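Undergrad: Sequences listed follow chains D and P, in order. If you're matching positions, the first sequence starts at 1 in our numbering and goes up one per residue. If you're matching positions, the second sequence starts at 1 in our numbering and goes up one per residue.
Note that these hints are calculated values from the structure, not bench results. Please note that a few of the clues may not be correct.
Claimed, not checked - Covered stretches of chain D, as calculated for chain P (at least 3 residues, CB under 8 Å):
(1) 14-21
(2) 34-42
(3) 48-54
(4) 107-121
(5) 137-143
Bear in mind that the values here come from a model prediction, so they are computed numbers and not experimental data. Here a beta-carbon is modelled for each residue, glycine too, at the ideal position from N, C-alpha and C.
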Amino acid sequence: MMEWLAQHVLEKYNFWIAMTIILIGLYAAMAKGNLLKKLIGLSIFQTAMFLWFISLGDVGRDVMVTWGLKGGTPPIIWEKAVEEGYTYVNPLPNVLMLTGIVVSAATTAVALAIVIRIYQKYGTIEEDEILERELQEEVRYASG
Amino acid sequence: MILPIDLILLFFLVIIAIAAVTVKDILAAVILTGAYSFVMANVWLQMGSSDVAFTEAAIGAGVSTALMVAAISRTTRWEK
Numbered sequence: 001m002m003e004w005l006a007q008h009v010l011e012k013y014n015f016w017i018a019m020t021i022i023l024i025g026l027y028a029a030m031a032k033g034n035l036l037k038k039l040i041g042l043s044i045f046q047t048a049m050f051l052w053f054i055s056l057g058d059v060g061r062d063v064m065v066t067w068g069l070k071g072g073t074p075p076i077i078w079e080k081a082v083e084e085g086y087t088y089v090n091p092l093p094n095v096l097m098l099t100g101i102v103v104s105a106a107t108t109a110v111a112l113a114i115v116i117r118i119y120q121k122y123g124t125i126e127e128d129e130i131l132e133r134e135l136q137e138e139v140r141y142a143s144g
Numbered sequence: 001m002i003l004p005i006d007l008i009l010l011f012f013l014v015i016i017a018i019a020a021v022t023v024k025d026i027l028a029a030v031i032l033t034g035a036y037s038f039v040m041a042n043v044w045l046q047m048g049s050s051d052v053a054f055t056e057a058a059i060g061a062g063v064s065t066a067l068m069v070a071a072i073s074r075t076t077r078w079e080k
């Protein structure tokens with residue numbers, strides 16, 4: 001039992017913390033009424049997902065335990081790495097998350113533009129007030 | 001990866017994320033998001049993915065914060 005706990009919970013603490021931050025971001029994106037606050041939650045969610053992927057690529061974590069090696073170095077050519085007992089970090093998640101960061105900046109910019117447009121039309125960025133005004137306009141339209 | 005540095009940075013990460021979500025001042029939340037990105041860049045640096053770290057420091061802590069501050073200047077600062 002204790003071995004199972006050490007192997008699946010304590011050793012993988014990075015995944016647990018990434019999931020905690022993902023839940024914090026999801027809470028902000030779903031429960032907060034302010035649109036800018038929702039966007040902040042969304043960007044926290046994205047970054048925590050990147051953390052999870054980078055932790056998957058960080059081979060040093062399991063290698064240290066299983067083969068007694070020294071863990072990952074940055075993926076740069078270094079001739080003495082193998083004889084000194086180091087391994088390389090897997091570079092594939094790194095490049096994928098590099099793309100992801102750039103995409104997240106672009107989506108944040110588009111979302112902020114939409115928020116500014118909403119503010120120009122409704123005069124508020126609180127979700128419940130926007131829905132209330134939509135409802136009022138619908139009632140006025142239906143009653144002629 | 002150095003274990004104590006990793007644990008301290010991840011602890012700070014959770015604290016800053018909770019603070020950024022709960023604070024009522026949106027400008028403070030945006031600056032806390034910039035701090036969050038900076039700590040995240042440090043986490044990735046000590047995990048050996050240095051390219052991701054400096055992209056995050058430039059884009060996450062720099063460009064995104066500037067865009068958010070610009071959006072606040074055109075909308076409202078306080079959350080109800």
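Undergrad: Would you check chain P against the segment 107-121 of chain D, counting CB to CB pairs closer than 8 Å, and say if three or more residues qualify?
TA: holds (count 6)
Undergrad: In terms of beta carbon proximity below 8 Å, does the segment 34-42 of chain D have 3 or more residues touching chain P?
TA: It holds, with 6 qualifying residues against the three required.
Undergrad: Report holds or violated for chain P covering the segment 137-143 of chain D, Cβ cut-off 8 Å, minimum 3 residues.
TA: Violated: only 0 residues of the segment 137-143 of chain D have a Cβ under 8 Å from chain P.
Undergrad: Are there three or more residues in the segment 48-54 of chain D whose C-beta lies within less than 8 Å of some C-beta in chain P?
TA: Our answer is that it holds, as 4 residues pass the Cβ test (under 8 Å) against chain P, meeting three.
Undergrad: Can you tell me if the segment 14-21 of chain D counts as covered by chain P, using C-beta to C-beta distances under 8 Å and a minimum of three residues?
TA: Contact hint for the segment 14-21 of chain D vs chain P: holds, 4 residues under 8 Å.
Comparing the model with each numbered hint stated earlier shows that hint 5 is the single one that does not hold.
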